[in-house]
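Participant: Residues 4 to 317 in my numbering are what the sequence shown lists, from first letter to last.
Watch out, some of these pointers could steer you wrong.
As the list claims (entries may be wrong) - Using 25 Å as the maximum straight-line C-alpha spacing, the simulated DMTMM-like pairs for lysine to aspartate or glutamate come out as follows:
1) K141 to D242
2) K49 to E37
3) K49 to E113
4) K95 to E71
5) K73 to E108
6) K58 to E140
7) K141 to D279
8) K260 to D273
9) K141 to E108
10) K58 to E37
11) K95 to E108
12) K277 to E140
13) K87 to E108
14) K141 to D263
15) K94 to E71
16) K87 to E140
17) K58 to E71
18) K59 to D118
19) K73 to E140
20) K59 to E37
21) K87 to D263
22) K94 to E76
23) K59 to E71
24) K141 to E71
25) K87 to E113
26) K87 to E76
27) K73 to D118
28) K141 to D287
29) K58 to E113
30) K141 to D273
31) K73 to D32
32) K94 to D118
33) K73 to E37
34) K49 to E108
35) K58 to E47
36) K59 to E113
37) K58 to E76
Stated by the list, open to error - Restraint-style ranges between C-beta atoms, simulated for each label pair:
38) D32 to D279: 42 to 52 Å
39) P120 to I38: 31 to 41 Å
40) P120 to S86: 47 to 57 Å
Simulated from the structure, these hints should not be mistaken for laboratory data.
We put the beta carbon where it would ideally sit given N, CA and C, even for glycine.
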Amino acid sequence: MLSAREIVEGRKKTPKIPIGCSKKEFEPDGTMEEICQIQDSLLEIKQIISSERIKKLGSLSQAVWQQELKLAEITHQVGSHWSKVGQRINKKLYAYPEEALYLLESGCLEITYNDVPISIQRAYFVLLGSNTGVSVEKYRVYSFLSGLGYKVVRHSPQNQVKSFTEKVKVQDEPLTSISLRRSNSEPDIEVSKPSKKLKVKDLRSLVECNESYNIRETLRKLEFIHSHFNVTDSILNIDFDIYAPAKKECSNKSSKKGPDCRIVIYRGCDPMPKLDNLARKYQDNVPVISAIVFPDHIAFYAINFGLIPNAFDC
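Using the sequences plus the hints, can you model the full thing?
Facilitator: This is the structure we're talking about:
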């Protein structure tokens with residue numbers, strides 16, 4: 004336990020985050036002055052990362068990480084931010100991994116795992132990864148937007164489907180054939196019974212050995228089943244709904260109005276999505292923004308689906 008004097012001294016010695024600078028205007032020249040500036044910047048950042056944070060235990064909210072649920076159970080609430088984050092499940096308040104880690108880094112929450120408080124470094128290993136379904140890229144986007152004051156909520160497909168079905172009337176058609184339908188409105192695959200049993204003499208090769216084909220023609224003949232699945236469809240799932248800071252009536256529990264935009268997150272090394280795939284997400288007139296996460300920065304791109312104004316009306 005720290006004394007009152009040590010707490011006050013710790014608050015005074017809290018290092019400040021260095022101010023970011025713009026990109027270099029020239030190529031590095033390798034001079035001693037430049038090397039010293041780089042070393043000083045790296046040393047300053049290292050001191051900030053390794054410095055201990057001093058917080059009063061009474062000013063921190065308490066949470067217990069539930070590995071089975073992959074949620075943080077909030078046992079003690081401090082502050083007004085709990086009206087914007089967390090979910091009520093069976094009369095208990097839980098926080099998603101990205102919410103718990105962000106509050107831990109902000110100095111608002113203490114998380115215990117196996118009755119031991121975990122550090123920020125340990126929390127990155129426990130709360131992020133394939134075991135929780137929250138990648139580092141998703142957390143970086145969540146942390147960046149939350150730090151700017153936006154309300155970042157996990158996307159709920161039910162709200163999108165509900166608003167979209169209000170505009171489109173679905174007509175029931177009688178079932179005329181047996182079909183297997185995949186999700187995401189994939190084409191039907193009709194299944195029919197064979198008319199007769201096939202014999203070996205009825206079978207023939209798609210490509211004959213005595214015929215001369217080039218590689219493209221050979222592959223075209225072998226492609227007797229056309230694939231309708233896009234590789235990039237798996238990375239085009241909407242991750243978060245974003246609410247502007249000015250909307251005080253919006254919350255992640257219940258929101259009468261729709262979000263201001265939606266975020267699709269993928270890495271910079273992933274293939275670029277097709278425009279028709281992005282347009283498929285733009286169904287209820289809520290803008291869809293692509294967040295491309297690079298190692299050193301995050302880029303946001305939006306596609307305007309509006310029409311070009313008439314030149315004679317300008």
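Participant: Determine for every hint whether it applies to the structure shown.
Facilitator: Consistency of the hints with the structure:
1. K141 to D242: 8 Å, holds
2. K49 to E37: Within the cut-off at roughly 18 Å; holds.
3. K49 to E113: Holds, at roughly 23 Å.
4. K95 to E71: Holds, at roughly 15 Å.
5. K73 to E108: 19 Å, holds
6. K58 to E140: 28 Å, violated
7. K141 to D279: Measuring from Cα to Cα gives roughly 23 Å; hence the hint holds.
8. K260 to D273: Violated, at roughly 33 Å.
9. K141 to E108: At roughly 16 Å apart (the allowed maximum being 25 Å), E108 and K141 satisfy the hint.
10. K58 to E37: Not satisfied, since the Cα-Cα distance of roughly 37 Å exceeds 25 Å.
11. K95 to E108: 23 Å, holds
12. K277 to E140: Given pair K277, E140 holds - Cα atoms ~21 Å apart, limit 25 Å.
13. K87 to E108: 17 Å, holds
14. K141 to D263: OK: K141 and D263 at ~19 Å, within 25 Å.
15. K94 to E71: Given pair K94, E71 holds - Cα atoms ~18 Å apart, limit 25 Å.
16. K87 to E140: 22 Å, holds
17. K58 to E71: Between K58 and E71 the Cα gap is close to 29 Å, so the pair fails against 25 Å, i.e. violated.
18. K59 to D118: At roughly 19 Å apart (the allowed maximum being 25 Å), D118 and K59 satisfy the hint.
19. K73 to E140: 18 Å, holds
20. K59 to E37: Between K59 and E37 the Cα gap is close to 41 Å, so the pair fails against 25 Å, i.e. violated.
21. K87 to D263: Judged against 25 Å, a Cα distance of about 16 Å means the pair holds.
22. K94 to E76: 11 Å, holds
23. K59 to E71: Distance ~30 Å between K59 and E71 Cα, so the pair is violated.
24. K141 to E71: 21 Å, holds
25. K87 to E113: 18 Å, holds
26. K87 to E76: Since the Cα atoms of K87 and E76 sit roughly 16 Å apart, the hinted pair holds (cutoff 25 Å).
27. K73 to D118: Status holds; Cα separation ~16 Å.
28. K141 to D287: 23 Å, holds
29. K58 to E113: 10 Å, holds
30. K141 to D273: 14 Å, holds
31. K73 to D32: Judged against 25 Å, a Cα distance of about 49 Å means the pair is violated.
32. K94 to D118: Distance of about 23 Å is within 25 Å: holds.
33. K73 to E37: 46 Å, violated
34. K49 to E108: 16 Å, holds
35. K58 to E47: 22 Å, holds
36. K59 to E113: Distance of about 11 Å is within 25 Å: holds.
37. K58 to E76: 21 Å, holds
38. D32 to D279: 42 to 52 Å: 48 Å, holds
39. P120 to I38: 31 to 41 Å: For I38 against P120, whose Cβ atoms are near 40 Å apart, the range 31 to 41 Å holds.
40. P120 to S86: 47 to 57 Å: Cβ of P120 to Cβ of S86: about 25 Å, so the range 47 to 57 Å is violated.
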